[in-house]
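**Student:** Sequence:
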Amino acid sequence: MEKQMLKICALQMNVSADKEKNLTTAESELLAREGQMDLAVLPEMFCCPYESSLFPEYAEEEGGLVWQRMSALAKKLGIYLIAGSMPELSEGKIYNTSYVFDRQGRQIAKHRKVHLFDINVEGGQYFMESDTLTAGETFTVFDTEFGPMGLCICYDIRFPETFRSMGKKDIVMAFVPAAFNMTTGPAHWELSFRMRALDNQIYLLGCSSARDPEAGYVSYGHTILADPWGQVQAQLDEKAGVLMETVDLDREKKIREQLPLLKHRRPELYA
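For the sequence shown, the residue numbers in the UniProt record's numbering are 1 to 271.
Hints listed in this document are in silico derivations from the structure and should not be mistaken for laboratory results.
Ranges of calculated distance between the beta carbons of each label pair, as one might list FRET restraints:
(1) 145 <-> 251: 10 to 20 Å
(2) 258 <-> 159: 23 to 33 Å
(3) 64 <-> 256: 39 to 49 Å
(4) 186 <-> 230: 17 to 27 Å
(5) 254 <-> 122: 42 to 52 Å
(6) 63 <-> 160: 25 to 35 Å
Just so you know, these numbers come straight off a predicted model, no measurement behind them. Ideal Cβ positions, reconstructed from N, Cα and C, are used throughout, including at glycine.
Work the whole structure out from these sequences, hints included.
**Tutor:** Pasting the structure below:
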């Protein structure tokens with residue numbers, strides 16, 4: 001029986017205030033790797049600065065320019081594309097939304113960030129997404145020939161219930177477009193991905209934007225792939241770069257058989 005291998009690409013790109021430049025960067029970097037991947041992921045707010053006050057200016061309705069360009073890119077490359085996230089305008093509200101396109105460029109899922117990033121760390125980061133964004137209300141799973149895949153956005157990773165909800169559909173991998181900062185990144189980025197991958201016995205990919213010290217919000221970077229054993233399979237540094245890896249889903253099955261955490265859960269006691 002042929003081994004089940006998934007080729008993934010995560011683009012840790014520089015994000016500027018120029019939407020067209022951001023789109024062109026995403027397109028050119030992925031087109032340069034045509035034929036080398038089954039699935040590609042972009043960072044959180046890949047087409048605009050990660051600043052709450054700017055989200056209304058960059059917001060687009062579903063089917064807008066960014067959506068169209070990413071749909072066409074997925075179709076041209078024949079890949080699944082998780083188009084990072086972008087500000088989505090819908091019925092007068094703005095969401096932090098990630099669209100998923102299949103190999104034909106069809107939208108097969110979208111995730112609206114469920115947990116908004118409202119923090120005020122003494123001596124560290126202050127940020128209030130709720131100033132301009134509305135929270136999503138659903139957890140997101142989409143189907144592929146490799147199995148069901150989970151999707152959430154950045155701050156969602158901090159809530160175990162996010163992954164337990166997706167896990168009910170037996171996801172084999174999950175993706176997190178993200179932008180941790182210089183307060184939370186060094187402290188919690190790698191720990192969060194290793195922990196959630198281990199708890200749920202999945203491969204877990206976090207795709208960040210590259211670090212720009214001059215930006216209003218400075219991203220930590222360090223795009224990461226954690227495996228079902230809770231180890232880091234690959235990780236970038238803070239600079240712009242591309243993470244290309246092959247995920248061995250047969251190994252995931254073996255880990256679940258040998259250390260059957262998911263079978264040993266007793267949900268009737270957890271309420």
